[in-house]
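Visitor: Chain residues, written in single-letter form:
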Amino acid sequence: MKKMMALVSVGSMGFMLAACGTGDSGGQGEQTSGQEGSSTTIDPNRVRTVIGSSSTGGDTYQTADAATRNLEEVLDTNMQVDAVGADRAFSEMSGAQDDGSTIMYFHDMAYLGVEYGSFSEDYELENWTIGPMVATNPGNAFLTSADAPYDTMAESIEWLEDNPDETVSVALEEGGVSEIVFDGYYLWAEEEYGSEITDRIEVYVTGSQEDKNQALWDGNADIIHGSIGANNEYTEDGVEDDIKMKFLGVTTEERVDGFDIPTFAEQGITVDGEEFVFEKEFFFLLPKDIDESYTTALDNAMAELAEDEEFAEALNKNTYTVNHMPSDEAEEHLMEKRENMQSIIEQAPDLNDLAK
Amino acid sequence: MLAFEIITPFTVLLCFLGVFIGIIMGAIPGMTATMAIAIFLPLTYVLEMVDSIGLLIGLYVGGISGGLVPAILLNIPGTPSSLCTTFDGYPMTQKGEGEKALKVGITASIIGGFFSLTVLYLFAPFLASVAIDFTSVDKFLIIVFALTIIASISKGSLIGGLFSGVLGIFISLIGRFPDNNEMRLMPPGLEEQLVYGFSLLPVLIGLFAVGQILQEAEEGMKPASHQKLDLKKTEKNKFSLKIFKGQYINTARSSLIGTFVGMLPGVGGSAASITAYSQTKNFSKHPERLGTGEPEGLISSESANNGLIGGALIPLLTLGIPGDSTTAILIGAFLLQGVQVGPLFISSNPDLWSGIVITLVVANIAMFILMFFSIKYFAKIVFIPKYIIFPIIVLMCVVGSYAINSGIMFDVWTLLIFGVLGYIFPKIGVQIPAFLIGFILGMEAEKYFVDSLKGSGGDLTVFFTQGPIAIVLWILILGSLVYAFIDSQKSKKNQAST
Amino acid sequence: MTIAFFTMDISFNEYHLIFPRIIIGALIILAVALLLQKGIQLLKRKEKRPKPFRFFSENYDAKKFYATLVLLVLYPPALSLFGFLPASILFMFLITILYAGQFNKKTIIVSISNSLASSIAVWYVFGQLFDITLP
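Chains as they are written, first to last, in full-length UniProt numbering: chain A, 1 to 356; chain B, 1 to 498; chain C, 1 to 135.
The set of hints was computed from the structure by calculation and includes no laboratory data. These numbers were taken from a predicted model, which means no experiment stands behind them. Where hints are given, some of them may not hold.
Stated by the list, open to error - Listed below are the simulated DSBU-like cross-link pairs for lysine-lysine, each with C-alpha atoms no more than 30 angstroms apart in a straight line:
(1) B:K427 x C:K44
(2) B:K245 x B:K285
(3) B:K427 x B:K492
(4) C:K63 x C:K106
(5) C:K106 x B:K222
(6) C:K38 x B:K222
(7) B:K427 x C:K38
Said to hold, decoys possible - Here are some chain C residues the structure puts well away from chain A; computed CB gaps all over 10 angstroms:
(8) L27
(9) F103
(10) D131
What the hints assert, rightly or not - Distance windows between CB atoms, simulated:
(11) A:D99 x C:K106: 43 to 49 angstroms
(12) A:P349 x C:I40: 40 to 46 angstroms
(13) A:S293 x C:V110: 30 to 36 angstroms
Each residue gets a CB set at the ideal place from its N, CA and C atoms; glycine is no exception.
Just need the whole structure built from these sequences, with the hints factored in.
Guide: Laid out in structure tokens, this is it:
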């Protein structure tokens, strides 16, 4: 049945396109408009969801796609995910109307980028209405080549201690999730082992996941930031030696189901005396002055979706998990999280001193 | 049949539809293969994996091939990778050989397509490990090698051409450098709009389409000379496979270059046809005729940009790394279905792998059939009065520019700014093709230059001491430059003597 | 950034300036070379007066040219102001009639049908069917 539907829709698209030259085309008269006052529908009949990533292969797009695909049914509207990239998404949001016809979907980089100075102050959390939390990518991890002489992040530091002539260089991206988790590792090492060890940690600052992988294969970096979803393929048996990788640790509180990767906490990595935990979470950002009823409708729809097993399954396929929080809870949570991270960012090393 | 155990007639049907829509999207200036795939990506969610791939591969092949239609008939590259198709394609149209040019183009396309899919099928895993051996130094040198074409296509003034190319690189650097998120070369007040710099597509169609329309407006929209030609009576417009006689090496070399450049992760698709065209010019028996409407140049550009497709799929399917921006979106299709593409993809999904290869065969055949039989109609575009076709082109360019980054109004302004520049440039001696090639390759050149230095800690000798690949590339670069210089001296002498 | 013999001091804070500096250098060198070349050419044919530089071609169509520019510049704001369909239909009508060059029954009909057909087709196919975000 689904096949038939797809065929019909693709077919009609093709036909319409062909008819393009001759022009005129009949409407289908299926104008939908939201029922006013109801708590699970919203007014705009088209909600443009701009996301903070310009890639359609990344976790932001994947989770946004799964969420909006389901939400649009509940909200009785049409949601379109536009992968415009972080800066453009923020700038579109600044100019957007308050009716919720343009909303944003992003992850922790939304505030980390402001804290690290990569995004303008105008984009800080206070200037938006924080919407519901949607999902987590628990696979936030570090990796190295399969034949590296250490198996965890903590061991990499011990290895540096045992081999005073060696250095370790870590590939990461500035201003985002990978920098904050690197900072956690670095600050811990500095506190526990002192600067004679951390002086031998270098960074290789680059962009996308592909660039980081390539840096590992080129020998430009010894350790790279990655994720279970994106990098697991390279760690499995049967992968050729020159591209094979292994995980050195994940930053979640608990181990990720089905993967034998020690967490940072297990390895004893602490910052300010507390276990270092960082989960990459995805949430909606709405215009500051959006109507209460819109947020409520989105909250209600999200709550319904969080119970949906199909949705959970869609996320699990790529090792993401459902992480539902209504908007007020999400706001409180993110503000607190940001405060914790602020203290790390304040103590964090300047990349300028670490880049080789 | 074994093939039909993996793909169903439904897959074939979707693939044909994909090709059909792709051709039209590719043929509309302002719409690209990448955009076509991005539009249909969410729709594939309800499809089976193989069917979804059939549709998307169809769109990819159709989109890349469709670009040759406006390139040849209107001198507007429908997609960035058909830039070099305009060099010889449009002059052929001006000579009244538009229909022939289209047929040469699609024949070259299908040859390039089949060449690359054969390479993909037979050597994918082996080539993948070759591809990751290319370090940032090698990639930088390949970009430089592609840039040497600027020297060989410079018309009239070698220094003028080089200046135009470097100016293009300069403009491409405006924006924020991704590694350290620092802005540079920013005109004051435009920081927000230009964070990512000027987008390629609006720049491309601005320079070609809008610039051309302004120029025509200046001249009062008079019918072009070739619009008055009666095509039926011109013998020259006949297409036959004889045109390919003597072009075997050219076709093979260009397909190979296309596949190879496509295979390198992070080296953009447009570089494929640029590099191939430049080599065709270097090896040609009469390089001075290239750019004046020689099928030779057309064959080179079109076989290379279809060669690119199979090439770009190699790192995608064997390493999980996209070879160009279009395959980067294709990854999304696999993830939607929960299929991981990575080093184990082929061995753990043998059926899907065969399905992809068969789909590519089907898509190339579909492309050829659909294009071949619709050429008669396409070719008539040339005869539509300018006062009707130009407004439509402007409309499509505006819509396409707005849509390329999913709805950014500044991209429409970019289109108009570069439209005006496209009108002014030829008048003040800036050469548009050279400028564009610089613009297309500028950011990649910078990325790999800086990456190389990051790796070496600032040691410049790294560009010469990185092993055999780099040395071969240096020889090619120098050869290409020396050749371009000799060629330019020769043509100067020719001009002086006539 | 200092360049010692074959080494460059690169620092993370200045990654973004390394390449632009090289390119600006190359641009200046090429510009100087261009000027020298032009200068030598001028000296060589001293006796002949150089042709004065003309920006516009002879008998250029001022009306069509400037009207095109004005219409192009007004189109994007009109899109934001009136929405896609009204702005595009109006723009398409004006530019078609401008290029047709005459104002009579036939050209008006052609312009109206061209503007309606293409605007509506684009709006329907791309905006509705493909769900692309339109201006």
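Visitor: Each hint should be assessed against the structure and marked as holding or not.
Guide: Here is what the structure says about each hint:
{"no.": "1", "hint": "B:K427 x C:K44", "in the structure": "23 angstroms, holds"}
{"no.": "2", "hint": "B:K245 x B:K285", "in the structure": "14 angstroms, holds"}
{"no.": "3", "hint": "B:K427 x B:K492", "in the structure": "21 angstroms, holds"}
{"no.": "4", "hint": "C:K63 x C:K106", "in the structure": "21 angstroms, holds"}
{"no.": "5", "hint": "C:K106 x B:K222", "in the structure": "18 angstroms, holds"}
{"no.": "6", "hint": "C:K38 x B:K222", "in the structure": "34 angstroms, violated"}
{"no.": "7", "hint": "B:K427 x C:K38", "in the structure": "16 angstroms, holds"}
{"no.": "8", "hint": "L27", "in the structure": "26 angstroms, holds"}
{"no.": "9", "hint": "F103", "in the structure": "23 angstroms, holds"}
{"no.": "10", "hint": "D131", "in the structure": "5 angstroms, violated"}
{"no.": "11", "hint": "A:D99 x C:K106: 43 to 49 angstroms", "in the structure": "44 angstroms, holds"}
{"no.": "12", "hint": "A:P349 x C:I40: 40 to 46 angstroms", "in the structure": "56 angstroms, violated"}
{"no.": "13", "hint": "A:S293 x C:V110: 30 to 36 angstroms", "in the structure": "49 angstroms, violated"}
The structure does not agree with the numbered hints 6, 10, 12, 13 stated previously, though it agrees with the rest.
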